[in-house]
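So the protein lines, in turn, are chains Z and V. Here numbering that gives the first Met the number 0 is used: the first sequence runs in plain steps of one and ends on residue 144. Here numbering that gives the first Met the number 0 is used: the second sequence runs in plain steps of one and ends on residue 144.
Calculated from the structure, these hints are not laboratory results. None of these values were measured; they are calculated from a predicted model. Just so you know, not all the hints are guaranteed correct.
Since the list gives no way to pick one copy over another, a pair counts as held whenever it fits inside one copy or between any two copies.
Claimed, not checked - Below, computed lysine-lysine pairings styled on BS3-like, alpha-carbon distance capped at 25 angstroms:
1. Lys118 to Lys5
2. Lys37 to Lys54
3. Lys5 to Lys54
4. Lys49 to Lys80
5. Lys54 to Lys118
6. Lys5 to Lys49
2 protein chains.
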Amino acid sequence: MENTKKIIFASDHAGLNLKRVLMDYFRPNYEIIDVGTKETSSCDYPIYAKNLCIKVLELEALGILICGTGIGMSIAANRYKGIRAALCLNEYMAEKARQHNNANVLCLGERVVGVDLAKSIAQTFLTTPFEGERHLRRIELIENL
Amino acid sequence: MENTKKIIFASDHAGLNLKRVLMDYFRPNYEIIDVGTKETSSCDYPIYAKNLCIKVLELEALGILICGTGIGMSIAANRYKGIRAALCLNEYMAEKARQHNNANVLCLGERVVGVDLAKSIAQTFLTTPFEGERHLRRIELIENL
């Protein structure tokens, strides 16, 4: 069971603005942990994906990773055993990511989703529980790949 | 450089119909290799993600992986070193997945994208080249995570 009081955030330069918006939006109800980048200069997303994955596994919390499209972050984060990173463009995907995939990291693309949609996707992701059952068997298969 | 004459396809039961449509659509111009599932009965997506990743790496070809949302497939496929699997919901994402992430697997969600949109996303993915440069450094970082 995840620690539902904390959210770990990370982004590269292309996701920095959306990350700041979401951190402000969720700050009243969650402890926010930002593992970078904190600067607008061009940087390499795999470094921040790594920072976030380590922290998500350590704290057993949910994380939100943002880059331009969300694709690079989702590739990098899913390299980590125990991380299930879901790139979502709508609330339906965020719901299924939690219900079926027990995703612990939400990936978003600042260049692809608008600010209010991103808030709604993240809200759905943070509040939807895992369904278990047949989906648990599939997640165990993933972790043994 | 990928083998651009072959496409490897895989899906679970929830992606089977869209897989069949796309295989028929691309068959006139590509060699199509289907690594399953070939049945409508419920099955576990990580098994088909594994089949596809092994074949994509062996043939140095591009692959297309389909499940209900594309999320489970993208989590499972990105467990493999050398696989960069991009979940795309539009042509912009497919273009960036190739240009920036040098993705070799496209993930699609049959329950999320319509048939004609899926054809257009896949067409963009199959015909857009990698841009290299700074993106190459980032991909090397991913492979060393």
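Results for each hint:
| no. | hint | verdict |
| --- | --- | --- |
| 1 | Lys118 to Lys5 | within (16 angstroms within a copy, 40 angstroms between copies) |
| 2 | Lys37 to Lys54 | within (17 angstroms within a copy, 40 angstroms between copies) |
| 3 | Lys5 to Lys54 | within (11 angstroms within a copy, 40 angstroms between copies) |
| 4 | Lys49 to Lys80 | both (12 angstroms within a copy, 15 angstroms between copies) |
| 5 | Lys54 to Lys118 | within (22 angstroms within a copy, 38 angstroms between copies) |
| 6 | Lys5 to Lys49 | within (18 angstroms within a copy, 33 angstroms between copies) |
In the structure shown, no violation is registered for any of the earlier numbered hints.
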